[in-house]
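Visitor: Number 134 in my numbering belongs to position 46 of the sequence shown; there are no gaps in the numbering.
Everything labelled a hint here was simulated from the structure, so no lab data went into it. Cβ atoms here follow ideal geometry from the backbone N, Cα and C, with glycine treated the same way. Accuracy of the hints is not assured; some may be wrong.
The following label-pair restraints were derived from C-beta to C-beta distances [unchecked claim]:
#: 1; residue 1: Ala126; residue 2: Asp102; range: 30 to 40 Å
#: 2; residue 1: Gly130; residue 2: Pro108; range: 33 to 43 Å
#: 3; residue 1: Tyr129; residue 2: Asp102; range: 34 to 44 Å
#: 4; residue 1: Pro90; residue 2: Asn122; range: 24 to 34 Å
#: 5; residue 1: Gly92; residue 2: Lys112; range: 14 to 24 Å
#: 6; residue 1: Glu124; residue 2: Asp96; range: 25 to 35 Å
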Amino acid sequence: MPHGKVVDTQEKADALGRVPESLKDFNEEVVEVNCEFAKSYGIRRKSCVGQ
89 MPHGKVVDTQ EKADALGRVP ESLKDFNEEV VEVNCEFAKS YGIRRKSCVG
139 Q
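Please model the complete structure; the sequences and the hints are all you need to start from.
Guide: So this is what it looks like as structure tokens:
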């Protein structure tokens with residue numbers, strides 16, 4: 089599927105295929121980096137508390 093494609097049905101989601109092992113922790117890494125940015129700017133978000 090092209091970038092930006094809207095996935096709004098289960099059929100479209102099923103057509104995406106499996107997530108490669110190398111990308112399975114990507115989301116958690118992004119959240120961690122964003123929480124560090126928030127801390128460095130003195131911003132505390134509920135989702136970053138305790139990290």
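Visitor: The structure should be examined with respect to each hint, and the outcome stated for every one.
Guide: Verification of the hints:
One distance hint, 30 to 40 Å for the beta-carbon pair Ala126 and Asp102, holds here, with the actual separation near 35 Å. The beta-carbon spacing between Gly130 and Pro108, approximately 36 Å, falls within the hinted interval of 33 to 43 Å. In this structure, Tyr129 and Asp102 meet the distance hint of 34 to 44 Å, their C-beta atoms being roughly 40 Å apart. Between Pro90 and Asn122 the C-beta distance comes to about 26 Å, which sits within the given range of 24 to 34 Å.
A hinted range of 14 to 24 Å for the beta carbons of Gly92 and Lys112 is consistent with their spacing of about 22 Å. Our hint of 25 to 35 Å for Glu124 and Asp96 holds, since their Cβ atoms are close to 33 Å apart.
Comparing the model with each numbered hint stated earlier shows that all of them hold.
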